[in-house]
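If you read the sequences in order, they're chains A and B. Just add 340 to the spot in the first sequence (first one is 1) and you have my numbering. Just add 20 to the spot in the second sequence (first one is 1) and you have my numbering.
Worth flagging that the hints you see were computed from the coordinates, not collected in a lab. Think of the CB as a built atom: it goes at the ideal place given N, C-alpha and C, for glycine as much as any other residue. Among these hints, one or two may not hold up.
[Said to hold, decoys possible] Computed Cβ-Cβ distance ranges for the label pairs, DEER-style: (1) A:ARG440 <-> B:ARG146: 32 to 38 Å; (2) B:PRO77 <-> A:VAL384: 37 to 43 Å; (3) B:ARG48 <-> A:ALA367: 28 to 34 Å.
[Claimed, not checked] Covered stretches of chain A (in silico footprint by chain B; criterion: 3 or more residues with CB under 8 Å from a CB of chain B, positions within the stretch not fixed): (4) 348 to 354; (5) 470 to 477.
[Claimed, not checked] Not close to chain A: a few residues of chain B, all C-beta gaps over 12 Å, as computed: (6) GLY58; (7) ASP69; (8) PRO115; (9) ARG117; (10) ALA128; (11) GLN145.
Take a look at the letters that make up each chain.
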Amino acid sequence: MQIEPRTNDDPELRALVAAQQRELAEAEACAGGIDGGYALHDDVRFLALRDGGAVVAIGAIQAVDGETAEIKRMYVVPPARGKGYGRAMLAALERDAAARGHTRTRLETGSYLPVALGLYRSAGYRAIPAYGEYAGNPDSRCFEKDPIDVTMAIHERAGRP
Amino acid sequence: MSEPAVLDSPAAIDAHLAENIEPWERGRRGVRFVLCDGRNRVHVHYPVDELPAAADPADCAHAVTLFATALAANASDGALLVALTRPGPRTVGDPDRVWFHTAHEVCARLGVRLIGVHLVTPTDQREILLDDAL
Numbered sequence: 341m342q343i344e345p346r347t348n349d350d351p352e353l354r355a356l357v358a359a360q361q362r363e364l365a366e367a368e369a370c371a372g373g374i375d376g377g378y379a380l381h382d383d384v385r386f387l388a389l390r391d392g393g394a395v396v397a398i399g400a401i402q403a404v405d406g407e408t409a410e411i412k413r414m415y416v417v418p419p420a421r422g423k424g425y426g427r428a429m430l431a432a433l434e435r436d437a438a439a440r441g442h443t444r445t446r447l448e449t450g451s452y453l454p455v456a457l458g459l460y461r462s463a464g465y466r467a468i469p470a471y472g473e474y475a476g477n478p479d480s481r482c483f484e485k486d487p488i489d490v491t492m493a494i495h496e497r498a499g500r501p
Numbered sequence: 021m022s023e024p025a026v027l028d029s030p031a032a033i034d035a036h037l038a039e040n041i042e043p044w045e046r047g048r049r050g051v052r053f054v055l056c057d058g059r060n061r062v063h064v065h066y067p068v069d070e071l072p073a074a075a076d077p078a079d080c081a082h083a084v085t086l087f088a089t090a091l092a093a094n095a096s097d098g099a100l101l102v103a104l105t106r107p108g109p110r111t112v113g114d115p116d117r118v119w120f121h122t123a124h125e126v127c128a129r130l131g132v133r134l135i136g137v138h139l140v141t142p143t144d145q146r147e148i149l150l151d152d153a154l
C-alpha cells in the first residue's frame, strides 16, 4: 500500500476523477440536487492510494487561505470500499495540510452520501454552515476540523459536552 | 488556536493522552493513531472504535498500514503513536501484544518512525515495552 502525489494531468488520476464526478452526478440526480463540478484551484494537490498495483482511492487538497485548506475529490473505487482506504486518504490529506502550515481543514459533501457523512463525522469533523459556492445549496453538507484541536473535534463527534 | 503538543518525552506523551482521551473513551475497545511530524508535534488524531476483544493480526496490520501509509505519504519526516484503549487492568494481555508487535513490524517495513504503543485503561495508562510483549 502506498500513497503518492499525482499531477492533474495524470491519466489514471483523471479517470478516477471522472468516475467520481460521474457517480456524484448520478447521486445528485437521484436526490434531485443540482450539478456539481466545482472548479479546483491552481494550487490543488492530488494524492492517490495504491494497493496491490491499482489505485483504489484519490483525494485532493487546496489552500483556502493561510489557515484553512479544503479537501476535494475524495473517492474510493467501489470494490475497495469498506476497507479504510478513505480514512487513510483523509488522514494523509490532513497531514499534508498540517505540514504546509494549515491549522484547519474543511470540506463539502452531499446530504445524499451517508457513507461520506459517516466517515467525516467519525474522523472528527463538525458540521458548519455551507460556505462559499455551496451556500444556498440545500443538498450541501459542510464540515470543518482543526486537526490539532483534537479535544474539541472528538467531543463534538461524540456529541459530548 | 493552541500550539500542537510535542510528544518528546514519556511525560509529554502521558499528559497528551490523559488530556485527549476522555474517561468515557478509556473503557472502550479502540485504538487511537496519533500522526506527528518529524519533531513529534501532533498533527492529527484518528480514533478507530468498537474493536473486537480478540485482536486479529491481519486486521491489526491492515489498520496500522493504513495510517502508517498516510504518514509516509508526506515528503517530510513523520512519526506515529499508537494508543490502545480498553476496559480492564493495566496488565498487558495477548491482544495488546498483537497490536504491539504489529505496529512495530508494519512501521519498520514502511520506514515510519514509531513513537510507541501505549495502553490506556479506565484507571491507568502506560507504554507497552518489549519486555511486556515477549
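Do the hints match the structure? See the list:
1. A:ARG440 <-> B:ARG146: 32 to 38 Å: holds (35 Å)
2. B:PRO77 <-> A:VAL384: 37 to 43 Å: Given a distance of about 38 Å, which is inside 37 to 43 Å, the answer is holds.
3. B:ARG48 <-> A:ALA367: 28 to 34 Å: holds (33 Å)
4. 348 to 354: violated (count 0)
5. 470 to 477: violated (count 0)
6. GLY58: About 9 Å separates B:GLY58 from the closest Cβ of chain A, which leaves it inside 12 Å; violated.
7. ASP69: violated (8 Å)
8. PRO115: holds (19 Å)
9. ARG117: holds (22 Å)
10. ALA128: Holds: least Cβ distance 15 Å, greater than 12 Å.
11. GLN145: holds (16 Å)
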